[in-house]
Amino acid sequence: MSELFVGREEDFEEQDRRLIVQDGLEIGVFRVNGAFYAYQNQCAHRGGPVCQGKILNKVEEVLNEDKTSRGLQFSKEHLHIICPWHGFEYDLRDGVNAGNRRLHLKKYEVEVRKGGVYVLI
Amino acid sequence: MKEVHESPIKPIDVYTDTRDILAHAKRQADANKYEDYLIVDVDSHHTETNSWHEIIEYIEDPVIRAQAQEYQQSRTGGPPYGLSGDFGLKYQGVGGRIPHNDNRLETVEEKDVHRDVVLTRRAMESFGLDYMVVFPTPMLFLGTHPQPEMEVLLGRAYNRWLEERLLPGDERIKSFMYLPFNDPEAALRTVEDFSEVKGSVGFTITSARYKPVHHNQYMKLYAALEERGMPLCFHAGYYWQDSSMSLLNRFIGMHALAFVLCNLVHMTNWVLNGLPERFPKLKTIWLESGLAWIPFLMQRLDHEYLMRTSEAPLLRKLPSEYMREMYYTSQPMETDHPKALELTFEMIHAETQLLYSSDWPHWDFDPPSVIFDLPFLSEQGKRNILGENARRLLKLDER
Ligand code: FES
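Chains H and C are the protein sequences, given in the same order. Residues 405 to 525 in my numbering are what the first sequence lists, from first letter to last. Residues 3 to 401 in my numbering are what the second sequence lists, from first letter to last.
For reference, chain C alone in the conformation it holds in the complex (with noise of 0.2 Å):
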């Protein structure tokens, strides 16, 4: 009989390690040798409202800077300064049985660099990740802010500080720019401002918001866009006060269908109002939505489209050959139906039109592994989802 001695591992919590809550992800990265291939996550997550006192100092308006400043100084009781503090951020880890989703409050001692740099870098080791891009968390609510200037403000506020304060942090770690969307002229200027910096890869538009993407008043941002090779997403999230979304009183319902109906909403304006025909060039990434939403339009819009032409008259092909060759990111991947998963593959071109994405930190995470251990991928295939095929859409280096 052997002794065994006190487990260095321990209950999981909010103060725990990124390293030991995703212990067993790293098991699976030296199993798997992903050392071997090239991993790029194309959407992960920090929380910016923890450096909300540092981003607000890069308000540009005078007035609203002094305001956001006394407000994070002294009151209590509401979320941070400019945020809508939505309803199911509550819900997110599920009362308390997903603590990394709640908060991280795990020791940093490292001082060069900001600390989400190194939270970031933790999960990089963990996953065995080349390359994490990451996006803000209750940012994802901006665009349902009743003020459009407080999104350009906050906005432009929040890219000044991912430039100066995250990404030059370490060169694997990427970003899109926010765009401040429900206010084109503003957005226009983003891409005008913000598509030199070190580390960007590209401009996103959350996808929770009230503006039709087709209208004649962003024809000038596409364009800004395209023509600098810049790619654009379409980041998914929910808006719970939606009169539909409305009617769901389980955050599962509201989140399961929430965050694919934006993301079904744009894509529908944006390929029946031929956007692929008017730019060609201009690649869109779609992103959390999962991938069951994608056959489904697919199928929509191809059997409608044939009986009314002369509604999408831009058209010069099906509407599920334009969403062929958009780019799609991969999580939270539904895998409960393997078949059904296959044949989506197959739909989408995922091969050469998939992304691998984690969402880490957030509670539906998904590790390399979803991608890796798929039994109906070819090799090249694989390598493709897991980083090639970022690598060549977001023009990164080979490492």
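Next up, chain H with everything else stripped away, as it sits in the complex (with noise of 0.2 Å):
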């Protein structure tokens, strides 16, 4: 097990990210709502840069008592990483596949110690 040391956390805004490179070995790392998580930048669909594409909150779509719809919202909880080669969605807290639960990112653990933000590989 290594560390990588990925920047200062008091340099990362909400929602920001960090792209790292090791030896060939891709990793995105994001903070979400104050905490961090790190993923392998390698999309569970065919291998795209999937760490490199755009964060948007999940879509759902609110239903009505009788089950009639009443369209699409935005998730207040749910924050995706969209994979920019075909549009795969993972959920930026756990790296889990939007539409299929057995399809996940490669997560790595992060440390925050003394204001420094690291990775474990």
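These aren't lab readings, by the way, just hints derived from the structure by calculation. Be aware that a few hints might be false.
Claimed, not checked - The calculated DSS-like cross-link candidates involving lysine-lysine, where the alpha carbons are at most 25 Å apart (straight line), are:
#	chain 1	residue 1	chain 2	residue 2
1	H	Lys510	C	Lys28
2	C	Lys12	H	Lys462
3	H	Lys458	C	Lys12
4	C	Lys319	C	Lys200
5	C	Lys200	C	Lys222
6	C	Lys397	C	Lys285
7	H	Lys510	C	Lys12
8	C	Lys341	C	Lys285
9	H	Lys458	H	Lys480
10	C	Lys92	H	Lys462
11	H	Lys458	C	Lys28
12	C	Lys341	C	Lys283
13	C	Lys92	H	Lys458
14	H	Lys511	C	Lys12
15	H	Lys511	C	Lys28
16	C	Lys283	C	Lys397
With the hints as a guide, dock the two chains, each given alone in a separate frame, to form the complex.
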């Protein structure tokens, strides 16, 4: 196990990301609601650069009591990282795919120590 | 602890260089040693609307050309002159989630060739390709234009532009000439006039249209293609205003069905009216409908044919047997059900009839790894699908 220094905590805005590369291994580090998450930049679909994609809130469809649809809205809770190759969406907090829970990104632990952000690989 | 410096990889947007978007595809190409394979991409795209001001200069009718020039110079608020500006195009990039489908505004310094040549070369380099066959994009809807003469004029202008501006830029870039199929005589004239274009590998019918392919008025066209040994391809597309398709409210539903529906209809007419018997040497290629529809249609037609052979008297074998002699491009390959995919490969004789295609830069593109990584292919089968079948069919040089 080794650790990679990603940056200073105070330099990360909310929903910021850093992309780091070490010996060919590409990792995306994201800040969401103050917490840090890190994933390999490798989509579970066809290996696309998922961590370089758009960050958007999950889209939900809201139903009324009588099951009629009220239309679409952005979730307040779930934020997705979206692979730019074909649009596969993953929850930024656990790396699990939005459409198929069996698919997920490779996740790395992140440690914040004395204001420094480190990824454990 | 190792210090990590700022990464050269950045979030991807419409300004990102193709080679950066596809850096992982390049890595796959290197790891799999694609340089040891001949890889031909039989269906990719360029966005002809970016060159529309050039293309309209090739419109032969002087009045329409003047109108088009005026429109392109002065008018805003509409799609390029003569194109329909289909409703679905707004959704292709899934609301900005797939930027390369929305636009490609990357810097191109090279001035010696057309910008689209440079973009195509970048994609070839990234995917590890030897040849890339390019098709237009919004012109795929031209078959639904209410004025058939507009399809003739614009199709012809586009063919000239291909001949003079795009294809001479790189001999690895190929194309199929556009057939204005709504006007059978103009389509025949297209074959007569454009068969010798360097870089052209055949002719294409854009499948989204409402003309029955078996009508007597097309027999001269097919005979001319057969005589010249030119393959005929049916490039799938959609028409959201089609009365059945207009029931679908989500782009995903419309796209999933419509890109297959058009080719289902044309193939059914093609086979049941005995076109393969009438033109046994004419090679047909069915593009961009994926593969799952083929076993479906084979089973449906075989099942009904034996009960109603009197309705298809030109046939001398089962519909599926004709279909298995035709060619298909692979993309968008439905890979989520591996057993079904393996059976599909068997049913369509994929090792000799399937042609790899990427559909790059569209939202559902397939890198060559979709074929390369299949566990059930023989080594020769893999080589055939990636490039050898296309090389033989399109008469390409070995590289
Ligand atoms: S590779 Fe990520 S969506 Fe396809």
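So, going through the hints one by one against the coordinates:
no.: 1; hint: Lys510(H) - Lys28(C); verdict: holds, 21 Å
no.: 2; hint: Lys12(C) - Lys462(H); verdict: holds, 22 Å
no.: 3; hint: Lys458(H) - Lys12(C); verdict: holds, 11 Å
no.: 4; hint: Lys319(C) - Lys200(C); verdict: violated, 37 Å
no.: 5; hint: Lys200(C) - Lys222(C); verdict: holds, 24 Å
no.: 6; hint: Lys397(C) - Lys285(C); verdict: holds, 12 Å
no.: 7; hint: Lys510(H) - Lys12(C); verdict: holds, 19 Å
no.: 8; hint: Lys341(C) - Lys285(C); verdict: violated, 29 Å
no.: 9; hint: Lys458(H) - Lys480(H); verdict: holds, 17 Å
no.: 10; hint: Lys92(C) - Lys462(H); verdict: holds, 20 Å
no.: 11; hint: Lys458(H) - Lys28(C); verdict: holds, 22 Å
no.: 12; hint: Lys341(C) - Lys283(C); verdict: violated, 33 Å
no.: 13; hint: Lys92(C) - Lys458(H); verdict: holds, 18 Å
no.: 14; hint: Lys511(H) - Lys12(C); verdict: holds, 19 Å
no.: 15; hint: Lys511(H) - Lys28(C); verdict: holds, 24 Å
no.: 16; hint: Lys283(C) - Lys397(C); verdict: holds, 15 Å
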